[in-house]
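**Student:** Each chain is listed here by its residues.
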Amino acid sequence: MNEAREAFWADYYDELSQRAEPWLDYSNERVQAQTFGAVLSALGPVVGRRCLDVGCGFGQLGRALEAIGANQVMGIDVTSQFIERLRAQHPSIRWEVGTLDNAAYCASLGTFDRISLVEVLQYVSVGPTLRQAWELLAPGGRLVVVVPNRECPIVARAMQRFPGKYLPPTAHELASVGDALCTLGGGSWALQGMSFAEDQTLNPYAISNWTRVPAFVTAPNRLLFAALKVSEPSLS
Amino acid sequence: MPTQAEQSSRQFWESHYRELFARGPSWLDYSNEKVQLTTLGLCLEASGGVAGRDCLDLGCGHGQFAQLLAIAGARVTAVDLLEEAMAERRARLPDIIWRAGNLLDSTFVDSLGVFDRVFLLEVLQCVPWLEVLRAVWDHVAPAGRLVAMVPCGDCPIIQRVVARHAGVFSAPTQAELVDALSRLGDTEYWKLRGLTFASDQSLAPYVVSPWTHEPSWASPPNRLQFVAQKRSA
Chain C
1 MNEAREAFWA DYYDELSQRA EPWLDYSNER VQAQTFGAVL SALGPVVGRR
51 CLDVGCGFGQ LGRALEAIGA NQVMGIDVTS QFIERLRAQH PSIRWEVGTL
101 DNAAYCASLG TFDRISLVEV LQYVSVGPTL RQAWELLAPG GRLVVVVPNR
151 ECPIVARAMQ RFPGKYLPPT AHELASVGDA LCTLGGGSWA LQGMSFAEDQ
201 TLNPYAISNW TRVPAFVTAP NRLLFAALKV SEPSLS
Chain V
1 MPTQAEQSSR QFWESHYREL FARGPSWLDY SNEKVQLTTL GLCLEASGGV
51 AGRDCLDLGC GHGQFAQLLA IAGARVTAVD LLEEAMAERR ARLPDIIWRA
101 GNLLDSTFVD SLGVFDRVFL LEVLQCVPWL EVLRAVWDHV APAGRLVAMV
151 PCGDCPIIQR VVARHAGVFS APTQAELVDA LSRLGDTEYW KLRGLTFASD
201 QSLAPYVVSP WTHEPSWASP PNRLQFVAQK RSA
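Chains as they are written, first to last, in our numbering: chain C, 1 to 236; chain V, 1 to 233.
Derived from the structure by calculation, the hints contain no laboratory data.
Don't take each hint at face value.
[Said to hold, decoys possible] Below, a sample of chain V positions facing chain C; criterion: calculated Cβ distance under 7 angstroms: (1) Lys-34; (2) Thr-38; (3) Gly-41; (4) Leu-42; (5) Leu-44; (6) Glu-45; (7) Gly-48; (8) Val-50; (9) Ala-51; (10) Gln-64; (11) Gln-67; (12) Leu-68; (13) Ile-71; (14) Lys-191; (15) Leu-203; (16) Trp-211.
[Stated by the list, open to error] From the derived model, a few chain C residues whose C-beta atoms are all more than 10 angstroms from chain V: (17) Val-126; (18) Arg-131; (19) Glu-135; (20) Met-159; (21) Gln-160; (22) Lys-165; (23) Val-213; (24) Asn-221.
In this text the structure is predicted, and so the values were computed from the model without any measurement.
From the three backbone atoms N, C-alpha and C, an ideal C-beta is built for every residue, glycine too.
Please model the entire structure based on the sequences and the hints provided.
**Tutor:** Shown next, in the form of structure tokens:
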């Protein structure tokens, strides 16, 4: 892990955490509601299940998971201001300052049935972070990721603004990490492209069908990736 | 005055839901929890944003969707049939306004007020859907939006349910819904999409079609989701 890069984003979010807008790094509340809805759909059933939200921010996704019946919810974030506020306001959820690049910390967490990483991978190393998340996943569990797509020109401009610090993956990189994880542990993955629609009157994004062969005509702005770990470790 | 058929339908649903609520948290009338979560997700996804807006969830059931709206930053009023169920939620979740009432009761509907977002998740099949759709549309504010999920009356599985519960369960066909939406009045636009059970449901129960004005799917979907947006004042 690049420590300077991590420290940069920790400071950046420290500052964001002071702002009032509840949609944090979403462009607006319409994008936020559509993203939450798509993530909740992709997470599948959560009733009675243990959920971990990595990069929990203002904690809405974690609270939503609790409201719809998750058994235990944990939210982690690098920004201690978020965590302190959430601990005071919503004590039924376990909120901690933490990241997935600390192996000893991860080993102390146990396993989860659902793990979400929404707008996180652009700030960390994609492969190692997803491998660590996969290890934290219980058999039958599910991992859901929303991340900017490096191949999208708008995203490329953000990369120029934060040179070396904002490094989102391409769809093919996510696909090859997905293949590697599923070969290791047994499982399956698929992804959706989220593209700002030409006509945004109904919704900001047009969301593609699930695919394992990402061949988009124009690069989507964001990618929604989901991976399922099989119930039992593969014998082969 | 409601007709005798309306009265008996009303009693059917009240006792149906009284029994379901008595069983405690469940996915109510969704076939399973996977379908329920997908429905909630897809309706939030189609909401057009709820933060800072007045939202009305009609047929709120156990209140999961109402809570999602509140967590996403909305001011929420949630409605369902049974006062005992609403009283329990009022005590536990005071940030949401919980109201007991029946959508067939026009005095109750008139008392609801006007909202930026009105949600009808799995409700229209339990009521005379066209009448209720029109009545509810009056409670959508200018530039506001109605979002609904309903069984598709063209789907053979749904048709069997309609036959089994004749008089109390009715589902609009695609043509009926298109006709109703195009006659609502004051619409900025409306669109619908079809949800069809996927052959591989490991990831998601439904394959979701693109939004359209002119449904022309090879085989009828299991459910229809629609959005109607009102013109600005």
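**Student:** Compare the structure with each hint and give your call.
**Tutor:** For each hint, the structure was consulted:
1. Lys-34: This interface hint holds because 5 angstroms falls under the 7 angstroms limit.
2. Thr-38: Holds: closest Cβ of chain C sits about 5 angstroms from V:Thr-38, inside 7 angstroms.
3. Gly-41: 3 angstroms, holds
4. Leu-42: Holds, about 6 angstroms.
5. Leu-44: The hint holds - V:Leu-44 has a Cβ within 7 angstroms of chain C, the shortest such distance being about 3 angstroms.
6. Glu-45: 3 angstroms, holds
7. Gly-48: Because about 6 angstroms separates V:Gly-48 from the closest Cβ in chain C, which is inside the 7 angstroms limit, the hint holds.
8. Val-50: 5 angstroms, holds
9. Ala-51: 4 angstroms, holds
10. Gln-64: 5 angstroms, holds
11. Gln-67: This interface hint holds because 4 angstroms falls under the 7 angstroms limit.
12. Leu-68: Since the shortest Cβ distance to chain C is 5 angstroms, the answer is holds.
13. Ile-71: With Cβ-Cβ at 5 angstroms, under 7 angstroms, it holds.
14. Lys-191: 6 angstroms, holds
15. Leu-203: 6 angstroms, holds
16. Trp-211: Status holds, d = 6 angstroms.
17. Val-126: The claim holds: C:Val-126 sits with its nearest Cβ about 21 angstroms from chain V, beyond 10 angstroms.
18. Arg-131: Holds, because the least Cβ-Cβ distance between C:Arg-131 and chain V comes to about 21 angstroms, which exceeds 10 angstroms.
19. Glu-135: 21 angstroms, holds
20. Met-159: 27 angstroms, holds
21. Gln-160: 29 angstroms, holds
22. Lys-165: With a cut-off of 10 angstroms, C:Lys-165 remains clear of chain V, as the shortest Cβ separation is near 28 angstroms.
23. Val-213: 15 angstroms, holds
24. Asn-221: 16 angstroms, holds
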